[in-house]
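**Student:** Chain residues, written in single-letter form:
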Amino acid sequence: MFVKILKLMTVIVLVSLFLKRPVHSLTWKDTTQIHGFASQGLMLTSDNNFFGDSEDGSFDFRELGLNLSIRPTPDLQFSIQGLSRWAGEANDGNLRLDYGFLDYSLIENEAGTLGLRIGRVKNPLGFYNDTRDVAFTRPSILLPQSIYFDRTRNLALSSDGVNIYTEYRKGFGNIFYDLEVGYPKVDNQETELAFLGPNAAELGKLDPRISYISRITFEPTGGRTRFSLSGALVNIKFKPASMGTKEGNIRFRPLIFSAQYNTEFWSLTSEYALRYSRFEDVGKPTFSITGESYYLQWSYRFLDNLEALLRYDVLYQNRDDRSGDRFAATSSAPNYSRFAKDWTMGLRWDITSSWMSRIEYHYVDGTGWLPLLDNPRASETNRYWHLFSILISYRF
Amino acid sequence: MKRLFLAVSIAMTLFSPFQSYSQEVIVHRDVTQQEIPRNTLRAIFGMRLRKWPDGKAIRVFVFRDDAPLHVEFSKSVLHMFPYQLRRAWDRQVYSGTGQSPIEVESLEEMQRRVANTPGAIGYLSLNRSMNSPLDKAMKVIHVR
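Protein chains in written order, with numbering that gives the first Met the number 0: chain A, 0 to 395; chain B, 0 to 143.
Treat the hints with caution; some may be incorrect.
[What the hints assert, rightly or not] Every beta carbon over 10 Å from chain B, so not counted as near; a handful from chain A, in silico: (1) R95; (2) L113; (3) L192; (4) R250; (5) Y383; (6) Y393.
[Claimed, not checked] Keeping only pairs whose Cα atoms sit at most 30 Å apart, straight-line, the calculated DSBU-like set for lysine-lysine is: (7) K184/A with K204/A; (8) K28/A with K55/B; (9) K283/A with K184/A; (10) K204/A with K245/A; (11) K138/B with K55/B; (12) K135/B with K28/A; (13) K50/B with K138/B; (14) K28/A with K50/B; (15) K283/A with K238/A; (16) K184/A with K245/A; (17) K55/B with K169/A; (18) K184/A with K238/A; (19) K135/B with K74/B; (20) K236/A with K184/A; (21) K238/A with K204/A; (22) K138/B with K28/A; (23) K50/B with K169/A; (24) K184/A with K340/A; (25) K74/B with K138/B; (26) K138/B with K169/A; (27) K169/A with K74/B; (28) K283/A with K245/A; (29) K236/A with K283/A; (30) K50/B with K74/B.
Everything labelled a hint here was simulated from the structure, so no lab data went into it.
Nothing here was measured: the structure is a model prediction, and the numbers come from that model.
C-beta atoms are modelled at their ideal positions from N, C-alpha and C, and glycine is treated no differently.
Turn these sequences into a full structure, and let the hints guide you.
**Tutor:** Shown next as structure tokens:
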């Protein structure tokens, strides 16, 4: 694995050196850009495991990415990014294609843009999903887990299909719209556990069906405020392990409202999400459940290179059973596994424009977003827990 | 050395009691526009509008995020904070939906690159009539 990444890095360094030659005529080489990032985190928890054996301190949180983009004509761009992520039991550093697509703009002028992206495209969900694995673009070491939880991150990452994007530029501001039609990623252990429960392996497999994601963003003139509404209709087929059992369907419809206000020194961000899921013939009688999440986040830049963060983040697995009591009555898992309320404090220090470091403290009530693979036995978890984290990141 | 030059030039710009300097948007001579709406300029420096009306590729040149000239340009010309530009660029660069602008180190490099790159756009603090050979290869574009 490391050898592969090293080889790739070497090639890219050589290529970029070659590209550094000063050329003034505009060729495809001038529009070639290579960027990348590397982050290493430390997780320390009082109870429960988050990204590895964090009760003893875990360094099992690492993100590496490398991307290439070429713009041979003003209308056409090719982009590709390889990503490798280590995060406890769920992510073991496997190199994967994060995105890889052709972007063609049909219309592009002062009034707006209309374009198409074909290939593997990042899912346009909320403010942070598009670049969720890039530490520099996150507001904190861990994204607000109520909305960007890691349990179904593979599902949220990217889809293989077509993305239509538009932008209207008007005097009152800009409106952006994205529509993506494609196949999400569901055939992995973490997603199967999240949807099917602890006996996922015995129950069966998940198979993606054509799904839709769209996001509309409004930025009134100047971009001080941003409003976004994203929604998805994710269709998944359930293929039972035992012969003779009927195939099932899962429909997952998340809806996210996002808002942000920016001033020179501080930003206030909030997102609210509802997640509708409907399970049809998936091991038990058909049922529906609605999850609810929200956070309020305040970040303050008291120096150009120093930023503080305060956030309150809430997740309910079932908004009709917020306390989890009804769930616990018929399950071996505790009621507190059905919610999580997380107070976060953090500090970001931009050492240079390419080096950044962060420290962060979470006080969490509930285990609603605790990674299932890191905590196989719900009965061994604790309701109230602390998480401390340090991260160092480099990008170019 | 380049940094020093940049710092001195900017300091002179900011503290000179005798002359008034202004932030100007400069483009390569082949760009046909005489003026540009502010919202269009924001789309260009936000790396979302990537070609001129005649179809030529737009090439964006900027100073470092913390360069006083960049901070001033973002705030007074684009009416944005530098961190907002950075966020927008990062979002595009690391999701493959866009590219980053080209960063230059000095006033001299800004002039040279804008003058030598067809479709280029950048910004400077100007206090004189433009008549050097480099100046002739670029022009000031008015923001409305």
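**Student:** Take the hints in turn and mark each one as holding or not.
**Tutor:** Here is how each hint holds up against the structure:
With a minimum CB-CB distance of about 14 Å to chain B, R95/A clears the 10 Å threshold, and the non-interface call stands. L113/A, annotated as away from the interface, keeps every beta carbon of chain B farther than 10 Å; the closest lies near 13 Å. Its beta-carbon lying about 27 Å from the closest one in chain B, L192/A satisfies the requirement of being farther than 10 Å from that chain. No Cβ of chain B comes within 10 Å of the Cβ of R250/A; the nearest lies about 27 Å off, and the non-interface call holds.
Annotated as non-interface, Y383/A keeps its C-beta farther than 10 Å from every C-beta of chain B; the closest such distance is 34 Å. With a cut of 10 Å on Cβ distances, Y393/A stays outside the contact zone with chain B, its closest approach being about 13 Å. Of the supplied pair hints, the one linking K184/A and K204/A holds, its CA atoms being roughly 12 Å apart against a limit of 30 Å. For a cut-off of 30 Å, the pair hint linking K28/A to K55/B stands: about 16 Å separates their Cα positions.
Under the criterion of a C-alpha separation no larger than 30 Å, the hint pairing K283/A with K184/A is consistent with the structure, at around 23 Å. For the suggested pair K204/A and K245/A, the alpha carbons sit about 13 Å apart, so the restraint of at most 30 Å is met. The hinted pair formed by K138/B and K55/B meets the criterion: a straight-line CA distance of about 17 Å does not exceed 30 Å. A C-alpha spacing of about 27 Å is found between K135/B and K28/A, which places the hinted pair at or below 30 Å, so the restraint holds.
As the CA atoms of K50/B and K138/B are separated by approximately 18 Å, the hinted pair is consistent with the 30 Å bound. Simply put, K28/A and K50/B have alpha-carbon atoms about 18 Å apart, close enough for the 30 Å limit, and the pair holds. Our distance criterion of 30 Å between C-alpha atoms is met by K283/A and K238/A, whose separation comes to about 14 Å. Of the supplied pair hints, the one linking K184/A and K245/A holds, its CA atoms being roughly 22 Å apart against a limit of 30 Å.
Distance hint between K55/B and K169/A is fulfilled; the C-alpha atoms sit about 23 Å from each other, no more than 30 Å. The hinted pair formed by K184/A and K238/A meets the criterion: a straight-line CA distance of about 15 Å does not exceed 30 Å. About 28 Å separates the Cα atoms of K135/B and K74/B, which keeps this hinted pair within 30 Å; it holds. Simply put, K236/A and K184/A have alpha-carbon atoms about 12 Å apart, close enough for the 30 Å limit, and the pair holds.
Between K238/A and K204/A the alpha-carbon distance is near 5 Å, which keeps this suggested pair within the 30 Å criterion. Between the alpha carbons of K138/B and K28/A the distance comes to roughly 26 Å, so the proposed pair stays at or under 30 Å and holds. Between K50/B and K169/A the CA atoms are separated by roughly 18 Å; this keeps the pair inside 30 Å, and the hint holds. A hinted pair counts as satisfied when its Cα atoms are at most 30 Å apart, and K184/A with K340/A qualifies at roughly 28 Å.
Only pairs whose Cα atoms come within 30 Å are accepted, and K74/B paired with K138/B is accepted, the gap being roughly 22 Å. A distance of roughly 27 Å separates the Cα atoms of K138/B and K169/A; the hinted pair therefore holds under the 30 Å criterion. Distance hint between K169/A and K74/B is fulfilled; the C-alpha atoms sit about 20 Å from each other, no more than 30 Å. Between K283/A and K245/A the alpha-carbon distance is near 11 Å, which keeps this suggested pair within the 30 Å criterion.
Distance restraint check for K236/A and K283/A: the Cα-Cα separation of roughly 15 Å lies within the 30 Å cut-off, and the hinted pair is therefore satisfied. Taken as a hint, the K50/B and K74/B pair is honoured in the structure, with Cα atoms around 24 Å apart against an allowance of 30 Å.
Violation of the numbered hints given earlier is absent; every hint is satisfied by the structure.
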